[in-house]
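S.K.: Required output: the full structure, derived from the provided sequences and hints.
Now for the letters of each chain:
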Amino acid sequence: QSALTQPASVSGSPGQSITISCTGTSSDVGGHNSVSWYQQHPGKAPKVIIYDVSMRPSGVSNRFSGSKSGNTASLTISGLQAEDESDYYCISYTTSHSWVFGGGTKLTVL
Amino acid sequence: QVQLVESGGGLVKPGGSLRLSCAASGFPFNDHYMSWVRQAPGKGLEYVSYISSRSTYTNYADSVKGRFTISRDNAKNSLYLQMTSLSHDDTAVYYCVRRGQPTLTFDYWGQGILVTVSS
Chain Y
-2 QSALTQPASV SGSPGQSITI SCTGTSSDVG GHNSVSWYQQ HPGKAPKVII YDVSMRPSGV
58 SNRFSGSKSG NTASLTISGL QAEDESDYYC ISYTTSHSWV FGGGTKLTVL
Chain A
218 QVQLVESGGG LVKPGGSLRL SCAASGFPFN DHYMSWVRQA PGKGLEYVSY ISSRSTYTNY
278 ADSVKGRFTI SRDNAKNSLY LQMTSLSHDD TAVYYCVRRG QPTLTFDYWG QGILVTVSS
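Chains Y and A, in that order, give the protein sequences. My numbering applies: residue -2 is where the first sequence begins, and numbers increase by one. My numbering applies: residue 218 is where the second sequence begins, and numbers increase by one.
Because the hints were derived from the structure by calculation, they are not lab data. In this text the structure is predicted, and so the values were computed from the model without any measurement. Cβ atoms here follow ideal geometry from the backbone N, Cα and C, with glycine treated the same way. A couple of the hints might just be wrong.
Among the chain Y residues that face chain A by a calculated CB cut under 7 Å, a handful are [as the list claims (entries may be wrong)]:
#, residue
1, SER10
2, SER31
3, PRO43
4, TYR48
5, ASP49
6, TYR86
7, TYR90
8, SER95
9, TRP96
10, PHE98
11, GLY100
12, GLY101
With a straight-line Cα cutoff of 20 Å, these simulated EDC-like cross-link-like pairs (lysine to aspartate or glutamate) come out [to be verified]:
#, chain 1, residue 1, chain 2, residue 2
13, Y, LYS44, A, GLU263
14, A, LYS260, Y, ASP49
15, Y, LYS41, A, ASP324
16, Y, LYS44, A, ASP324
17, Y, LYS65, Y, ASP49
18, Y, LYS41, A, GLU263
19, Y, LYS103, A, ASP279
20, A, LYS260, Y, ASP84
M.R.: In structure tokens form, the structure reads like this:
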């Protein structure tokens, strides 16, 4: 199973919005609504911020939103804040009952 | 609250074996699928394996198939990963991860345990 494709890095200024894409195939992102997004700060465990494409766990800021179109899922962060600077990963369940991960995106808040 | 605490990591020589453990608490362990996910130094996350709630189903990434074995003991609220024929490429932080219900999301992660394969 090939990894999901994410941009290696994105950047934005405080207050702006950014979008991170996650491209897979019809066997994963396109074939399932079980796409989730994780935030990982250096030296810390990942934390889920979006699940089932667009659902937000309790306690996660509504500045984080998710969507999907075809084989590509997207994470949008609005009103960028310095604390959003982190690594972000997408994960999708697959039609072969396994998981495939994105390579990760480093978000820099300028 | 949900807690996942890994143990058993450390330094091992190439070709060696190691067994990781994960002690779970704060939730009905026998209701949840569990997984191992790893992260090599400076690299991204990599799926390793999962096991169903009653150990009926297991699944492995191609990179570890035939070398790693996942298991669990629901009576002890514990998850395990037996790793054999270790190579430098297996050097990573290994995370114990809970799969949520009814979603297929990795909703809780342990803090991770470092496994270093080096001579």
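S.K.: Each of the hints needs a verdict: does it hold here or not?
M.R.: Now for the hints, and whether the structure bears them out:
1. Residue-level restraint check for Y:SER10 is violated (minimum Cβ-Cβ distance to chain A is 26 Å; threshold 7 Å).
2. Interface hint at Y:SER31: satisfied, since its Cβ lies 4 Å from the closest Cβ of chain A, which is below the 7 Å cut-off.
3. At its closest, the beta carbon of Y:PRO43 sits 6 Å from a beta carbon of chain A; the interface hint therefore holds under the 7 Å criterion.
4. A distance limit of 7 Å between C-beta atoms decides the matter here; for Y:TYR48 the minimum to chain A is near 4 Å, and the interface restraint holds.
5. Because the beta carbon of Y:ASP49 sits about 6 Å from the nearest beta carbon in chain A, less than 7 Å, this interface hint is met.
6. Using the Cβ-Cβ criterion of 7 Å, the hint placing Y:TYR86 at the interface with chain A is satisfied: the shortest such distance is roughly 5 Å.
7. About 5 Å separates the beta-carbon of Y:TYR90 from the nearest beta-carbon of chain A, less than 7 Å, and the hint is met.
8. Here the hint on Y:SER95 is kept, as its CB sits about 5 Å from the closest CB of chain A, short of 7 Å.
9. For Y:TRP96, the suggested interface contact is upheld, since its CB lies about 5 Å from the closest CB of chain A, less than 7 Å.
10. At a threshold of 7 Å, the smallest CB-CB gap from Y:PHE98 to chain A is about 5 Å, leaving the interface hint in force.
11. A cut of 7 Å between beta carbons decides the hint on Y:GLY100: the least distance to chain A is about 5 Å, and the hint holds.
12. Given hint, Y:GLY101 at the interface with chain A, holds; its Cβ is 4 Å from that chain's nearest Cβ, closer than 7 Å.
13. The suggested pairing of Y:LYS44 with A:GLU263 holds, with an alpha-carbon distance near 15 Å, which does not exceed 20 Å.
14. Restraint check: the Cα-Cα separation between A:LYS260 and Y:ASP49 comes to about 25 Å, which exceeds 20 Å; the hinted pair is violated.
15. A C-alpha spacing of about 15 Å is found between Y:LYS41 and A:ASP324, which places the hinted pair at or below 20 Å, so the restraint holds.
16. Using a Cα cut-off of 20 Å, the hinted pair Y:LYS44 and A:ASP324 holds, with the two alpha carbons roughly 8 Å apart.
17. As the CA atoms of Y:LYS65 and Y:ASP49 are separated by approximately 10 Å, the hinted pair is consistent with the 20 Å bound.
18. Taking the CA atoms of Y:LYS41 and A:GLU263, the gap is about 15 Å. The hint holds against a cut of 20 Å.
19. Distance hint between Y:LYS103 and A:ASP279 is unfulfilled; the C-alpha atoms sit about 26 Å from each other, more than 20 Å.
20. Between A:LYS260 and Y:ASP84 the alpha-carbon distance is near 11 Å, which keeps this suggested pair within the 20 Å criterion.
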